[in-house]
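Asks: Kindly generate the complete structure, drawing on both the sequences and the hints.
Read top to bottom, the protein sequences are chains A and B. Counting the first sequence from 1 gives a position; the working numbering is that position plus 694. Counting the second sequence from 1 gives a position; the working numbering is that position plus 40.
Keep in mind the hints are simulated off the structure, nothing from the lab. Keep in mind it's a predicted model, so treat the numbers as computed, not measured. Hints are supplied without guarantee of correctness; some may be wrong.
[Unchecked claim] Dumping the calculated DSBU-like pairs for lysine-lysine here, alpha-carbon to alpha-carbon at most 30 Å:
(1) A/Lys803 / B/Lys106
(2) B/Lys192 / A/Lys803
(3) B/Lys213 / A/Lys803
(4) B/Lys197 / A/Lys920
(5) B/Lys163 / A/Lys803
(6) A/Lys756 / B/Lys163
(7) B/Lys115 / A/Lys930
(8) B/Lys50 / B/Lys205
(9) A/Lys750 / B/Lys115
(10) A/Lys930 / B/Lys91
[As the list claims (entries may be wrong)] Just the calculated beta-carbon pair ranges, DEER-fashion:
(11) B/Arg72 / A/Lys772: 41 to 47 Å
(12) B/Glu61 / A/Lys697: 41 to 47 Å
(13) A/Lys772 / B/Lys236: 53 to 59 Å
Where is the CB? At the ideal position from N, CA and C, for every residue including glycine.
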Amino acid sequence: MKKSEFKRPDGRAYDEIRQIKAEVGIVSRADGSARFQIGKTVAYAAVYGPRSLYPKFLQNPKRGLLRCYYNMLPFSSKGERVKPGPSRRALEISLVTEKALTPAIDLTKYPNAVVDVFIELPQTDAGTRCAGITAAAMALADAGIVMYDLVSAVAVGYVNGNLIADLIYDEEAYPGEVADIPVAYMPRYDKFSLLQMDGKISGEQLQKALELAKKVCLQIYNVQKKALKRRYEKYKSIGNVEG
Amino acid sequence: MMGKQLVKDKSIVVPGEVVAEGRDFILGPGVRREGNQIVASRVGLIHFEGKFIRLIALSGRYIPRKDDVIIGRIKEILINGWLVDTESAYPAMLNLRDAVTEYVAKGSDLTRFFDFNDYIVCKIINVTPQMFVDVTTKGPGLKKLVGGRIIKVNPNKVSRIIGKKGSMLNMIKQATGCNIIVGQNGVIWIKSTDPKMELVAVNANKDS
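Replies: Printed below as a string of structure tokens:
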């Protein structure tokens, strides 16, 4: 891919991500919940469980099951109504979300049970699976699930040979050579739990892209951490209470 | 080698956060060892008591533990006992011999002891690694609950509702004149002759 001039539509620097906001504990009925916003993309995640799993043949006496549901709301896109419910795309993203989150969770603690994660996107501007995974990781932690690490996700990519972080829709759909690489990252273990790619780049370029992804995922990780701590700040005053 | 504490005592930690380094720490619940590091496994409040580290969970569903006294609901009646809903992912088994002392002919109607949707105070006698839970109603204070009302709270707050040696709970009991039983699973039973006071007790429990 030849490198040529490219100016980001929203004036960001190449390695700059959109403004991010995170909040934990927003769905009071759920066991855990979170909202994650990155630019114009908003993801809500609610976690229910561990709870008993039926039909019974799905139960596994060695480990629990993680189930994710990804859904874009009908009005979330650019104005064309998004058909709600499990489309081919939504099912695929539900699956990769599951696979991106599973390595971060100790499911052996929940034999025969299920942890359900519901991800809803009321507003989208690309990077929805990443926003969903980021929100879901916070919601899982909020639900008190035993975890090895949090998961932070972001998309990186190339537009006309320029390496950029956190693509928006106009960049994904740019009339040129575009590569889009959504990545989920576990900072403590320095490991990726999701890596998908659209477009054509060299191995060397991919390496560079992943380095950038690590860098920006750490920024997201810090926001996640802060949001979780903010949620529980009020419990700091409790002393050593044992019934 | 002396261990090093990396976060402040009584601070909030997130899963994957390194709380201490060194091999001379003793680990309580909610933390695990990874090589030389002590890592938090879930969100909670970290406690350092000398070399002892533990994490107090602040959220999450109830997980059955041996010796917990819980309030359960009869969910199913089986051939030789009952299945009890514990407000967790795992139902508990109440065996006939752990519930009644008298002789019960096989195949007789068990609803005369506990019927569907009866609430019982029971004690967990065993939890297997596969989370099969056994409970008993034989013991002091373990019984079927008659009348009153049931409220459900965050099970992680139960120790705070009870308070140190039951101080908080006794205060609510005295102030409202209600009969209150708190299950470790976050189910609370409140009964009083005065419905107004019952409501006061409900709110007191929910707020604490």
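Asks: Below or equal to 30 Å on CA atoms is what counts here, so check B/Lys50 against B/Lys205.
Replies: holds (21 Å)
Asks: Could you grab the alpha-carbon distance between B/Lys213 and A/Lys803 and see if it respects the 30 Å cut-off?
Replies: Judged against 30 Å, a Cα distance of about 37 Å means the pair is violated.
Asks: Starting from B/Lys197, check that the Cα of A/Lys920 is at most 30 Å away, please.
Replies: holds (23 Å)
Asks: Can you let me know if the beta-carbon spacing of A/Lys772 and B/Lys236 is within 53 to 59 Å?
Replies: holds (56 Å)
Asks: Decide if the proposed pair is consistent with the structure: B/Lys163 and A/Lys803, CA atoms, cutoff 30 Å inclusive.
Replies: holds (22 Å)
Asks: For the pair B/Arg72 and A/Lys772, does the Cβ-Cβ distance stay inside 41 to 47 Å?
Replies: holds (46 Å)
Asks: Taking 30 Å as the top limit, are the C-alpha atoms of B/Lys192 and A/Lys803 close enough?
Replies: holds (24 Å)
Asks: Under the criterion that the straight-line Cα-Cα distance not exceed 30 Å, is the pair A/Lys930, B/Lys91 satisfied?
Replies: holds (21 Å)
Asks: Can the restraint linking A/Lys803 and B/Lys106 be considered satisfied, given a maximum Cα separation of 30 Å?
Replies: holds (16 Å)
Asks: Decide if the proposed pair is consistent with the structure: A/Lys756 and B/Lys163, CA atoms, cutoff 30 Å inclusive.
Replies: The given pair, whose Cα atoms are some 26 Å apart, holds under the 30 Å limit.
Asks: Next pair to validate is A/Lys750 with B/Lys115; report whether the Cα-Cα distance is within 30 Å.
Replies: holds (17 Å)
Asks: Would you check the hint for B/Lys115 and A/Lys930, treating anything up to 30 Å between C-alpha atoms as holding?
Replies: Measuring from Cα to Cα gives roughly 38 Å; hence the hint is violated.
Checked against the numbered hints given earlier, this structure breaks hints 3 and 7; the rest are met.
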